[in-house]
Amino acid sequence: MGLKSNLHNLKEKYKGTKYAPAFNALHTFLYLPNETTHNGTHIKAADDLKRTMNTVIMAMVPCLIFGMFNAGYQHFSALGTPVEFLSWDAFYIGLIKVLPLLIVSYGVGLGIEFLFAIIKKHEVEEGYLVTGMLVPLIVPIDIPLWMLAVAVAFGVVIGKEVFGGTGMNILNPALTIRAFLFFAYPTWMSGDKVWVHGAVERSQEIAAGANVDAISGETILGSLAQGHEIHYSISDMFFGFIPGSVGETSTFLILLGGLFLIFTKIGSWRIMLSSVLGALVMGLIFNGVASSGWIAESSKFYALMNTEFWHHLLIGGFAFGTVYMATDPVTASQTNKGKWIYGFLIGFLSIMIRVFNPAYPEGVMLAILLMNVFAPTIDHYVVQANVKKRMKRLKVKTA
Amino acid sequence: MGLLSKKDTKLITDPLADNNPITIQVLGICSALAITAQLKASIVMAVSVMAVLGIGNVVISLLRNVIPSKIRIIVQLVVVAALVIIVDQVLKAFSYELSKTLSVFVGLIITNCIIMGRFEAFALGNGPWRSFLDGIGNAAGYGLILVIVGFFRELLGSGTLLGFKVLGDPIEKTGLYAIGYENNGFMLLSPMALIVVGIIIWVQRSRNKALIEDH
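Quick mapping for you: the protein sequence lines, in order, are chains A and B.
Letter 237 of the first sequence, counting from 1, is numbered 237 in this note's numbering, and no numbers are missing.
Letter 69 of the second sequence, counting from 1, is numbered 69 in this note's numbering, and no numbers are missing.
Isolated chain A, as found in the complex (with noise of 0.2 Å):
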């Protein structure tokens, strides 16, 4: 007897009592559920939410993967003793660091979803799968895993849970996570330090009186904002081997992964393409205010204003929010003209947060939500629009 059979005798055996949802959970996430529909049904379509979460998960795994070497790759560059990326010992790094995260996510995440379905008596949602992995692939490197269990129950919980589950959430859950810990623990989710492997040890083996060097563990946005000189040519920036939260870093692999998911139609190109419209034409606004000298350089705007506007696509999280998170289907807009209004906000008020507000480098997580709240009334007034504009035609018809 396979596992698939024992599963579906003890889904049998358990059916109708308490803890059901979990066995018919497990066993539909393994295996094709024994009872499908056999005839009656017109429409027919292979995608349900399992597959179309699955798909997400695909399109992040490239940038899972490059993150665990990435992370290594950082850690002995900041050492001064560089690696090349493609090895054993970056990729070694990365695997222990990150996979603790990946599996710390999916473990509380998970349990959570389980422990709601159980008392609420419905099946498991499986609306966690591409929370559990996007949340890993957002946070810096060197995160104590018990704040992340921590964040990731809140926004399990309050994030989504209290509002009745998957579908039901209004803001995005794995930033909700993330903006948890932004605010509740803000020494390890910003500053010079958290964003490369050891970076927080070594300063505090300083600290502790130790005569090592320090380790910089800066992103390119912090440095900007203090006013650092950069030394990561574009390609860095580009295929990602620049410091920064885990899985974020290479605007190739999530442009490749953005691809893949308007390729299959599951991430919206509406919201994609309007949000970085919206991030160039506030780079523009802020390019041209920087060089038609309304601003003076002592400005503490004026490194990040005087970034050349196309460089905001390959710094930050922007490309990750946009791709994997703006386009998360529940907060979005529904309309399709509301979708062009929601991305190209977040994408100007992504790129606005992050230049006026130093110390919070990450606008697009802050735009991304806000977004969130407001996507209904988007929704709202395109819809009343329509109504309008379609009464005028009724009238215009009868008169």
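Errors might be hidden in some of the hints.
[Claimed, not checked] Straight-line C-alpha distance at most 35 Å; calculated DSBU-like pairs for lysine-lysine: (1) Lys265/A to Lys337/A; (2) Lys15/A to Lys209/B; (3) Lys120/A to Lys100/B; (4) Lys209/B to Lys121/A; (5) Lys120/A to Lys209/B.
Since the hints were made in silico from the structure, they are not lab data.
Model the placement of chain B on the given structure of chain A, informed by the hints.
Here is chain B on its own, set in the frame of chain A:
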């Protein structure tokens, strides 16, 4: 029969749970968010509101037959303003530091909806003893939530309770901090107070299904 009849006891116990001013009537939220970052401030605020509401209810109840109904709001405001000024002065005299922490929120007790609400809804139509009990009960219900919120916010946000370092010293790295625990800065921000109040409402309504509104 003891000091309180069954009906009178209900005046005090009802606002503690099933008719709580904060979690059920959703009044007085503003101060509940603003001053609950420390347990001590919450307790002082709760006691202040209890004094103002208890005495104010009695005064309004005694005056209820002579207040012309056209100007009753003004009269109520005068009474509550006088009481709040007394409370404010007492705080300044005996606990200056704390009155600094509470700052404008002591003065803003005047605008606390719970107080005007009880004057209007209860004291204007009931005798002084029952009004007093109602005032104490409602202030206790308000204070209870304040203390719960203050407890969790101070414990998780600063790692202290009433100023005592119950979780150890974050700088010396003793107690819980020795194993890597850190304070949750989010707890000190007002949004988290709203979330804590929300969780209390959630727990309360899941225990008593009758409180869940139809919609």
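Restraint check for Lys15/A with Lys209/B, where alpha carbons must lie at most 35 Å apart: 27 Å, holds
Straight-line alpha-carbon gap Lys120/A to Lys209/B, limit 35 Å: Roughly 14 Å separates the two Cα atoms, so the pair holds.
Holds or violated: Lys209/B to Lys121/A, with C-alpha atoms at most 35 Å apart: 17 Å, holds
Restraint status (C-alpha distance of Lys265/A to Lys337/A at most 35 Å): 17 Å, holds
Pair hint Lys120/A and Lys100/B, alpha-carbon separation not exceeding 35 Å: Answer violated: Lys120/A to Lys100/B is near 46 Å, above 35 Å.
Checked against the numbered hints above, the structure breaks only hint 3 and satisfies the rest.
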